[in-house]
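Visitor: Chain by chain, the residues run as shown.
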Amino acid sequence: MSLLIRASALTKKPVVTLDGEDIAQVKDVLYEGSGGSVIGFTLSGRGLFAGPKNVALPWSEVVGCGRDAVMIASDQALQEQQDLVASHDIGERNVLGARLVTDTGVDLGAVVDVIVEAADVADVVGYEVEASAALGGDARNVLIPLPDALSVSGEALMVPAAALDFVSDDLAGFGAAVDDFRASLRGEN
Amino acid sequence: MNRLEDRTVDWWMWILVIIAVIVIAVALVLVVQSRRRSGGVIAVSDIKKPSDPGSQS
Numbered sequence: 106m107s108l109l110i111r112a113s114a115l116t117k118k119p120v121v122t123l124d125g126e127d128i129a130q131v132k133d134v135l136y137e138g139s140g141g142s143v144i145g146f147t148l149s150g151r152g153l154f155a156g157p158k159n160v161a162l163p164w165s166e167v168v169g170c171g172r173d174a175v176m177i178a179s180d181q182a183l184q185e186q187q188d189l190v191a192s193h194d195i196g197e198r199n200v201l202g203a204r205l206v207t208d209t210g211v212d213l214g215a216v217v218d219v220i221v222e223a224a225d226v227a228d229v230v231g232y233e234v235e236a237s238a239a240l241g242g243d244a245r246n247v248l249i250p251l252p253d254a255l256s257v258s259g260e261a262l263m264v265p266a267a268a269l270d271f272v273s274d275d276l277a278g279f280g281a282a283v284d285d286f287r288a289s290l291r292g293e294n
Numbered sequence: 084m085n086r087l088e089d090r091t092v093d094w095w096m097w098i099l100v101i102i103a104v105i106v107i108a109v110a111l112v113l114v115v116q117s118r119r120r121s122g123g124v125i126a127v128s129d130i131k132k133p134s135d136p137g138s139q140s
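So the protein sequences, as listed, match chains E and G.
Each residue of the first sequence is one higher than the one before, counting from 106 in the numbering used here.
Each residue of the second sequence is one higher than the one before, counting from 84 in the numbering used here.
Since the hints were made in silico from the structure, they are not lab data.
Errors might be hidden in some of the hints.
To be verified - Between beta-carbon pairs, the in silico distance windows are:
id : chain 1 : residue 1 : chain 2 : residue 2 : range
1  : E       : G210      : G       : V100      : 52 to 60 angstroms
2  : G       : A108      : E       : A224      : 51 to 59 angstroms
3  : E       : S179      : G       : D93       : 30 to 38 angstroms
4  : E       : L153      : G       : W94       : 29 to 37 angstroms
5  : E       : R291      : G       : A108      : 55 to 63 angstroms
6  : E       : D275      : G       : S121      : 44 to 52 angstroms
7  : G       : W97       : E       : F154      : 26 to 34 angstroms
8  : E       : D208      : G       : V114      : 35 to 43 angstroms
9  : G       : I101      : E       : F154      : 35 to 43 angstroms
10 : G       : V115      : E       : Q181      : 49 to 57 angstroms
11 : G       : V106      : E       : P157      : 33 to 41 angstroms
12 : G       : S128      : E       : S179      : 24 to 32 angstroms
13 : E       : Q184      : G       : V115      : 23 to 31 angstroms
14 : E       : A224      : G       : I101      : 53 to 61 angstroms
Yeah, the Cβ is synthetic: ideal placement off N, Cα and C, and Gly gets one too.
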């Protein structure tokens, strides 16, 4: 069974071992720019003066991802950030705030959140954008489904123009919109 | 008498200065910490797979 969640709902969640030890909190959600698979999380310490940690949590080590905490078996699940991601400048690749543009050159707005489908593996399946004039504007947020293969490069994020036919206003029903959109790209509809 | 009143004012002034410095320092710490710990969603292009050579550094 899969669950659709906003990435912002994962950040700042405590990371707790099955022994009940609260060892860190989620800082960034890392995902594969080309495929959309969630790789894991960067972490920061708990407590007022704790800063970012050098260790990361791979998604494969997550035992459970509940409303209040991300559960792991033990602190052995954490690994060095360099072992998960090769580059050191990952902070510069934050997609929040980036412009979302269709392959026909229509600006859909700024990305304010990322929708993750969480199961045994987790995938980025959509972006939440602050709607531009092309989507009706009026300062509302809409959900844009993504194809299986993503395009993340430079300043802007790209989606096929066909995604405009599957825009949703909320998470309820967005999973079906993603499935329909991907089926239409495969020519099944 | 006037000199004594002036000294009293000076004493309270220093207390206010110390409180202001503490408040500013705490505010700066909170702002810096919230920025250091603020989350994002990072698109990564160069993932290290377990089978990659050199992934065990």
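Visitor: Indicate, hint by hint, whether the structure satisfies it.
Guide: Do the hints match the structure? See the list:
1. Remark: the range hint 52 to 60 angstroms for G210 (chain E) to V100 (chain G) is upheld by a beta-carbon distance near 58 angstroms.
2. A beta carbon spacing of about 46 angstroms between A108 (chain G) and A224 (chain E) contradicts the range 51 to 59 angstroms that was offered as a hint.
3. A hinted range of 30 to 38 angstroms for the beta carbons of S179 (chain E) and D93 (chain G) is inconsistent with their spacing of about 59 angstroms.
4. Checked against the hint of 29 to 37 angstroms, the C-beta distance between L153 (chain E) and W94 (chain G) comes to roughly 32 angstroms, which is consistent with it.
5. About 58 angstroms separates the C-beta atoms of R291 (chain E) and A108 (chain G), a value consistent with the hinted range of 55 to 63 angstroms.
6. As the Cβ distance of D275 (chain E) to S121 (chain G) is approximately 25 angstroms, the hint placing it in 44 to 52 angstroms is violated.
7. Between W97 (chain G) and F154 (chain E) the Cβ separation comes to about 28 angstroms, which falls inside the hinted range of 26 to 34 angstroms.
8. Roughly 40 angstroms separates the CB atoms of D208 (chain E) and V114 (chain G), a value that falls within the hinted 35 to 43 angstroms.
9. The hinted range of 35 to 43 angstroms is not satisfied by I101 (chain G) and F154 (chain E), whose Cβ atoms lie roughly 22 angstroms apart.
10. Judged by the Cβ atoms, the range 49 to 57 angstroms given for V115 (chain G) and Q181 (chain E) is violated: they are separated by roughly 31 angstroms.
11. Hint check: V106 (chain G) to P157 (chain E), Cβ distance near 26 angstroms, so the stated range 33 to 41 angstroms is violated.
12. Against the hinted window of 24 to 32 angstroms, the Cβ-Cβ separation of S128 (chain G) and S179 (chain E) comes to about 30 angstroms, which satisfies the hint.
13. As the Cβ distance of Q184 (chain E) to V115 (chain G) is approximately 27 angstroms, the hint placing it in 23 to 31 angstroms holds.
14. Remark: the range hint 53 to 61 angstroms for A224 (chain E) to I101 (chain G) is upheld by a beta-carbon distance near 55 angstroms.
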